[in-house]
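**Q** Those sequence lines, one after another, are chains F, S and X.
As numbered in the UniProt record's numbering, the first sequence has no gaps in its residue numbers, which increase by one up to the final residue, 239.
As numbered in the UniProt record's numbering, the second sequence has no gaps in its residue numbers, which increase by one up to the final residue, 239.
As numbered in the UniProt record's numbering, the third sequence has no gaps in its residue numbers, which increase by one up to the final residue, 239.
Among the hints, erroneous ones may be present.
[Said to hold, decoys possible] Below, in silico cross-link-like pairs of lysine-lysine (DSS-like), each with a Cα-Cα straight-line distance of 27 Å or less:
id, chain 1, residue 1, chain 2, residue 2
1, F, 137, S, 236
2, X, 137, S, 137
3, S, 137, S, 236
4, X, 236, X, 137
5, F, 236, X, 137
6, F, 137, F, 32
[As the list claims (entries may be wrong)] Examples of chain X residues toward chain S, derived with CB under 7 Å:
id, residue
7, 159
8, 208
9, 212
Hints are computed from structural coordinates only; laboratory data are not their basis.
Note that the structure is a prediction, hence the values are computed from the model and not measured.
All residues carry an ideal CB built from backbone N, CA and C; glycine is no exception.
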Amino acid sequence: MTNIQAASRPFPPELVRSVSPALETHTVDRLKEVWTRPGLSFRDRSLISIAALITRGQVAGLGLYTDHALDNGVTPAELSETVLQLAYYAGWANALSATPAMGAVFAARGIAADQLPAEIPDQFLPLDEPAEAQRAKTVGEQFEATAPGLVDYTTRFLFRDLWLRPGLAPRDRSLVTVAALVTASQSAQITFHLTRAMDNGLTREQASEVVTHLAFYAGWPNAMSALPVFRDVFAKREA
Amino acid sequence: MTNIQAASRPFPPELVRSVSPALETHTVDRLKEVWTRPGLSFRDRSLISIAALITRGQVAGLGLYTDHALDNGVTPAELSETVLQLAYYAGWANALSATPAMGAVFAARGIAADQLPAEIPDQFLPLDEPAEAQRAKTVGEQFEATAPGLVDYTTRFLFRDLWLRPGLAPRDRSLVTVAALVTASQSAQITFHLTRAMDNGLTREQASEVVTHLAFYAGWPNAMSALPVFRDVFAKREA
Amino acid sequence: MTNIQAASRPFPPELVRSVSPALETHTVDRLKEVWTRPGLSFRDRSLISIAALITRGQVAGLGLYTDHALDNGVTPAELSETVLQLAYYAGWANALSATPAMGAVFAARGIAADQLPAEIPDQFLPLDEPAEAQRAKTVGEQFEATAPGLVDYTTRFLFRDLWLRPGLAPRDRSLVTVAALVTASQSAQITFHLTRAMDNGLTREQASEVVTHLAFYAGWPNAMSALPVFRDVFAKREA
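Take the sequences, apply the hints, and build the full model.
**A** Here's what the structure looks like:
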């Protein structure tokens, strides 16, 4: 948010100021402070901010954040796959609702189909078969008898398809997924996905910055509620 | 959504495709796959999809889903009572926010007041007095001293009024309530209401399909977080 | 909402009635019943209703509720600080999204900058240093190693700045914070903030009325899920 043009803000400074002068000052100063922290790149911060906005259905700022994400080095393909990922991890309507704002930015920049990942990739990323077999076994033992359809879709649609799409690196796919989980206070799902994120290359410092950054976008309570889970995942990996 | 007319989609295929070609394909193929699963009727899937959209405040697709619900055999009276039920179980503003889209479909189809349940029914459904006395006793012992007003309203407004309205069968009232709870990750409230739903006639297979279906509408994390509760309710009933 | 003018309702009676005649009757009768309960003033009910609407991103009714809050004795400065408080406790975009509706009411009433709290107050409220030192120590021991940035911001931005702003009394700042936490089912955060609210002067009866009132605005499940936490906080204070 360091280079946001005030003119393109959906809630312009004079409007915010007319309700709370302090909110306008904090919007500029404190978001700048968190965005410029070391430990997480502008690019990563753009991705998780967009994940938070889509997860909460807050489309008003999405055009602006899409513009900045592209300026910050996120590719159109990565944004495209982020929206697809969030259809599964934040809800279908949340992903669809992101398309008008993001589509408008893509159109304005002349980003066309040839810059977007294909419906079905020519080649999927290689699957870590033992890890996936272990995941499927664990979930199957717990829930196969409860919801066989959901267990089947989790394997087929998510772990043998969505996660193997090459348009978004596994580390980044994990990044937006963890951001969605923190934003929605899905503590029960964070352990698996934060572990996976770190297996996929997210460092402990980056993970720490993710939850710090999201305090602003998802609200303090969601960030604070995620901290015990983050602490336990960190401890387990370092044990 | 097998018979969705693309022309009436709030997020048209070409728009979705301009952001993510895969999201458009998955919207068509995967939602079709889940909608056409055996184990839960189109009618029931319409009800729970609408419950999910209202619970999340996602009104953009509500007109389309209302249209399809009516095509799938849901009556105007049942939709009317679903909105009323969700005022209590998803929040008042969520129910009110559903009225423009649903009212527009009703108007277009000439559905008038005589097809909608009266403010106060001529006759309420019979109350299972022993079961209700037990519920009131349990809740009273736990929370009467904490929030007497809420305990009183729960008895008077919900279990001795709302749940006895004849415009929506108890099994269907439970169905939309469980859908709202899964959608909002209200695990602590699912046990009581899923048990009640099954007492009211929802089968285990249908319940399993509800959570599978909602993975798409509420996002995977909400569905996965509900699975342990569903498993435990199933186990307890079969013990 | 006892004195709501039907003409200014975002969802007019005839529209609500066209979907559910009962919903319209309940909107008038039951909201009137809860609003007129003794134990919590109109003013406090206005504040927590607005906190619930902002926390859920339900801006449609926000203009109407802002108007009534001002009629009920909430000052522009208090509304301004409520929005700022919720930027931190409900998410930044939620606070920003409140500004069009609230700003329009302020403009219509000629409420200008001189009636709003300054960006930086001339004088902050005195800090209870021992209590704050204890809070910081507890949080630091738990989470300093997990997310040092978030722990630092919590101290600097929240407890040594936001909470000390004089535009909203600590008891009222706690009131809207607890309302936001109940509305978002943030059980893990309620214990600390309800305790603090009662330390700041919120009575047990008022707290009980808050959760009863919010059942309507946040939905029954959120209110019911908060009850065990309220019960335990009450018990601990009276032990």
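**Q** Of the hints stated earlier, which fail here?
**A** 2, 6, 7
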